[in-house]
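Asker: Below are the chains, spelled out letter by letter.
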Amino acid sequence: MKLTCTQENFKKAIYSTERVVGKQITLPILENILLETDNGMLKISATNLEIGVFLKIGAKIEEEGKITVPARLLSNFVNNIQNVGTVSLSVVDQTLHIESGSSKAQIKGLQATDFPIIPEMEGEFLFSLPAQEMKEAIPRLMICVSLDSTRPELTGLNFVLDKLEVRIAATDSFRLAESVVTLIKDNAQAYDLFMEKTTSIIVPLNTISEVFRVINPETQNIKIGIEESQIFFQIDNVRIVSRLINGKYPPYQQIIPETFATKVILSKEDALRAVKIAGIFTHSKAGEVKFSVNAEDKEVLVQSKAEEVGENKTNINAEIEGPSVEALFNPRYMADGLQAVSTSYLALLMNSGSSPAVLRMVQGEKKEEMLNYTYIIMPIKN
Amino acid sequence: MNNAELWQAALGEIELSISKANFSTWFKNTTILSNENGKVVIGVPNGFAKEWLENKYNTYIFRALRNFRDDIREISCIIYSNEQAPAGATRKMDSVAQVADQQSSAENYQANTYVQQPLQGAMNPAAPNAAFENNINSRYTFENFIIGENNELARAACFAVSQNLGKIYNPLFIYGGVGLGKTHLLQSIGNEVLANDPSRRIKYITSERFANELIDSIRNQTVNDFKSAYQAIDLLIIDDVQFLAGKEKTQNEFFHIFNALYQINKQIVISSDRPPKAIATLEDRLRSRFEGGMIADIGKPDVETRIAILKTKSAENNFYMDEEAIRFIAENVKNNIRELEGALNRIIAACEFNKKLPTLKFVQQALAEIISSGKKKGIQSQHVIEAISQYFNISTRELIEKGRKKEIAYARHIAMYLMRSELNVSYPSIGSQFGGRDHTTALHAYEKINKELENDEKVREDVTILRERIYAV
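As they're listed, the protein sequences go chains A and B. Its first residue numbered 12, the first sequence is counted upward by one per residue in our numbering. Its first residue numbered 83, the second sequence is counted upward by one per residue in our numbering.
It is worth saying that the hints were derived from the structure and are not from the lab. Since the model is a prediction, treat every value here as computed from it, not as a measurement. There could be a bad hint or two in this list.
Pairs of lysine-lysine residues, derived as DSSO-like cross-links and limited to a Cα-Cα distance of at most 27 Å, are as follows [as the list claims (entries may be wrong)]:
#1 B/Lys438 x A/Lys287
#2 A/Lys208 x A/Lys115
#3 B/Lys438 x A/Lys119
#4 B/Lys102 x A/Lys259
Computed from the model, here is a short list of chain B residues facing chain A with C-beta under 7 Å [stated by the list, open to error]:
#5 Asn111
#6 Gly129
#7 Asn137
#8 Asn306
#9 Glu550
Ideal placement from N, C-alpha and C gives every residue a C-beta, glycine not left out.
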C-alpha cells in the first residue's frame with residue numbers, strides 16, 4: 012500500500028472510527044483499525060463486534076494494499092503531528108510507515124486478513140432522520156436509558172416507525188422520555204413493506220451515542236437501513252453498523268395520561284434551582300421532594316426534609332390552570348427532566364399524587380406546549 | 083445424532099484447529115437451526131459472526147460437519163438471538179424452541195415438539211434421583227469453564243471423552259495443582275454425558291470415599307455387591323486418586339474394578355494433583371495403567387485467563403469492577419483459581435459493607451493482607467532463620483555453623499530455600515549469612531528442596547507450615 016491524503020481528512024477519519032475500539036483481551040486485533048485502499052479511496056474501519064464503523068476518504072493511491080494497526084497508537088501520533096497539509100502512508104513488511112512534514116513513524120501492524128468483516132447492507136436505506144433534530148433529541152433521551160442488564164430491552168432506545176414521524180423513547184421504568192422526530196422517506200415502497208413486518212426496533216445505547224458523536228453541525232440527514240436484526244446508519248461519509256436488541260419494548264404509550272387536570276407553567280431556572288436545593292436535604296438514595304401546587308396563590312411549594320439533616324422550602328411563582336395538587340418525586344429524576352428542557356419556560360402536567368406527571372417544553376407568547384418532547388416521571392406513592 | 087449433538091461434535095473438532103481466542107469469539111452462542119437435504123443453517127448471534135463464519139471459517143465448519151454427516155453440501159448462517167436462554171441443562175430445549183419460532187412451517191414445529199417433549203418428560207423426574215446417586219453437581223458444566231492456555235488440552239480431552247465414551251482416551255488422567263479446575267472438568271464430563279443421554283450410568287467419587295465404601299463393604303461382608311455395582315457403570319470418575327497411595331487393599335480392589343471396566347470399553351476418568359509417576363506408593367501395575375491412556379495436565383492460569391475468570395465471576399455476581407481493578411487482582415493473585423474467587427468475594431463483601439465502589443485504590447486496600455509478599459511486609463532473612471530454628475528446635479548458632487548432622491543440614495536447606503523463594507535473596511548473600519558458605523551451596527539447597535517438594539509429602543508440609551509462620555509475623 013502506498014498513498015497520500017490530506018492530513019485533515021485523515022485525522023477526522025481516525026477520530027471518527029477510533030472510539031469504538033475497545034480493550035479486547037480475547038482478540039487483540041480488535042484493538043486495531045483497518046486501513047485499506049478501495050476504488051481509489053482510503054477506507055478506514057474499526058469494530059468491537061457490537062458496533063462497526065467505517066468511512067472512506069479521498070486519497071492519491073500509488074499502490075493498493077491493506078494493513079491493521081493499533082488504533083490508540085495511530086490516533087495519538089496523528090493528533091500530535093504538525094499541521095502541514097498531507098500525510099503519506101506506505102506499508103512495508105507488515106509495518107505502516109507514516110510521513111507528515113518533519114515527522115515520520117513506523118507502526119507495527121497485524122495481517123489485514125484477520126480483521127473482522129464488517130457486515131455490508133444488502134438492500135437500500137429505508138428512511139432518513141434530520142440530523143440536527145436528532146442531535147438535540149438524543150441527549151434528552153439517553154438520560155433515561157436503563158443500565159440494568161437483566162432487562163436488556165430497556166438498555167436501548169425504542170424507535171417506533173410511523174408514516175410521517177418516528178417516536179423514539181427511553182425508559183428505566185421510573186421515568187420515560189419520548190421524542191418525536193420527522194421522518195424523511197427515501198424509499199417509500201421499501202419503507203411501507205418494512206412497516207408491515209415490524210414497526211418497533213430497539214437500538215443499543217452505545218450505538219446511539221456513537222451516532223450522536225459523529226453528527227457535526229453541517230450534517231443534514233442520517234440515513235437508516237435495517238436488515239436481519241442489524242441497523243445501518245450513514246452519517247455524511249461515516250457508516251455505522253450495529254446489532255439491534257432483541258426483545259419487546261414495553262407498550263409505554265398506555266401509561267401516558269391523555270388528559271391532565273392541572274397544568275403548571277414554570278420558569279425552568281426557578282424550578283431546577285428549587286429541585287436541586289431540595290435534593291441536598293434528602294437521603295442520598297431514597298430521597299423525595301414534595302411539589303405542592305397551590306391554585307389560589309398561584310405558586311408551587313417545593314420542599315424536602317431529612318430527619319438527620321434538616322429541611323427546606325422554596326416558593327416558585329407559576330401560572331396554574333386547574334385544581335391544587337400534591338405529589339412526591341425523586342429529586343434526581345426530576346432534575347434530569349428539567350435539565351433536558353431547552354426553553355426558558357416549561358409545563359408541568361399532573362392529575363394526582365399517584366398518577367404519572369409530565370414535563371413538556373413551551374414556546375411563544377401564549378406558552379403553548381410543544382409535543383415533540385415528553386418527559387414522564389412516576390411519583391413516589393405514600 | 084440430532085442437530086445439537088452434531089454441532090457439539092463439530093465444534094469439538096473446530097476447536098482443535100483454530101486458536102482459542104478465535105474459537106470463543108466466533109463460535110460463542112452458535113447453534114444449528116436446521117439441517118434439511120444437506121443444507122445446514124447455523125444461527126449466529128450477530129452480523130460480524132455471520133460474515134466471519136461464512137467467509138473465513140466456512141471450510142473448517144464444512145469439514146467438521148462432513149466428518150459426522152457426509153450428506154452435507156451447503157452451509158449458511160442467519161442471525162438469531164438466544165440471549166434469553168438460560169445456561170445449563172435447559173439450553174438445548176430453549177434453542178429448539180427458538181428453532182421452532184424461526185421455522186414458520188407448522189410441520190417442522192410439530193416434528194420438533196413431539197420428539198423433544200417425551201425426552202423432557204423422561205429427563206426431569208430422573209434428574210434428582212440420578213444426581214443423588216452419581217454425585218454430579220449440575221453447577222459445573224463445560225459452558226461455564228473458562229478456557230486458557232493452561233487447561234486447553236485437558237479441556238479438549240475431557241470434552242472429546244464426553245462425546246465419545248470409552249472410545250478415544252481411556253483412561254483419561256488429568257492432573258494439576260489445587261484449585262485449578264480439575265473437579266470442574268471432571269464434573270462437566272458427567273453433566274455433558276447426562277445432558278446427551280440421561281440413561282447413562284455415571285459415578286463420580288473421590289478416592290477417599292471409594293476407600294471408605296470399600297472398608298464398609300468389607301466390614302458388612304458385601305464386597306461382591308460393591309464390586310458388581312461398580313462394574314455396571316458406563317463412566318467412572320475418580321477424583322484425587324493420589325489418596326489411594328499407600329492403601330494396598332484399596333488399590334487392589336480398584337485395580338480389579340478398573341480392569342473390569344476397561345476391558346468392556348467403559349470410560350474411566352481419573353484426576354490427581356501430580357502425574358502418575360510422582361505418586362510415591364502407587365502400585366506399578368496401576369501406574370502403568372494410568373499411563374496407558376491419555377494424560378493431560380492443568381497448569382496455573384496465565385494472567386489473561388485470570389482476567390477472563392474474574393470478569394465472568396463478577397458478571398455472575400452482578401458486580402461491576404473496572405478494568406484496572408480486575409487487572410490488579412489478576413496480576414497479584416496468581417496461584418490458583420480458588421484464591422482468585424476468594425479475593426473477588428472479599429472485594430464484593432468489602433464493597434457492600436463499606437458502601438464503596440471497587441476502585442483500584444479500594445481494591446488494593448481490601449486485598450493488602452492477602453497479597454502482600456514477604457518483601458512488602460518487611461520480613462528479613464533473620465525472621466526466616468528464627469522461624470526455622472524454632473520449628474526444628476535447633477539453635478540459630480547450630481544452623482549457621484558447620485555441623486553436618488542430617489537434621490541440621492535439612493533445616494538449613496529449607497532455610498536457604500525459603501530465603502530464596504520468598505525473599506528473593508541472592509545466592510551469594512544466602513551463603514554469607516550461613517557462616518560464609520559458597521553460593522553454590524545455597525544453590526544446591528534451593529534446587530534440592532525444590533525437587534523434593536514434588537515428591538515428598540513431609541517436605542511439602544514443613545515448607546507450607548514454615549511459610550505460614552514467617553508471614554504470621
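Asker: Take a quick look at whether A/Lys208 and A/Lys115 sit within 27 Å of each other, Cα to Cα.
Answerer: Not satisfied, since the Cα-Cα distance of roughly 54 Å exceeds 27 Å.
Asker: Can B/Asn111 be said to touch chain A, with a Cβ gap under 7 Å?
Answerer: violated, 12 Å
Asker: Given the hint that B/Lys438 pairs with A/Lys287, does the C-alpha gap stay at or below 27 Å?
Answerer: With a Cα-Cα distance of about 24 Å, the restraint between B/Lys438 and A/Lys287 holds, given a limit of 27 Å.
Asker: Can you confirm whether the C-alpha distance between B/Lys438 and A/Lys119 stays at or below 27 Å?
Answerer: The hint is violated at about 41 Å.
Asker: With 7 Å as the cut and Cβ atoms as the points, is B/Glu550 at the interface with chain A?
Answerer: violated, 34 Å
Asker: Can you verify the interface hint for B/Asn306: is its Cβ closer than 7 Å to any Cβ in chain A?
Answerer: violated, 53 Å
Asker: A closest beta-carbon separation below 7 Å is what the hint needs, so does B/Asn137 meet it against chain A?
Answerer: Since chain A brings a Cβ to about 6 Å from B/Asn137, closer than 7 Å, the hint holds.
Asker: Sort out whether A/Lys259 lies within 27 Å of B/Lys102, counting only the CA atoms.
Answerer: violated, 34 Å
Asker: Can we keep the B/Gly129 interface hint, with Cβ of chain A closer than 7 Å?
Answerer: holds, 4 Å
The earlier numbered hints that this structure contradicts are 2, 3, 4, 5, 8 and 9.
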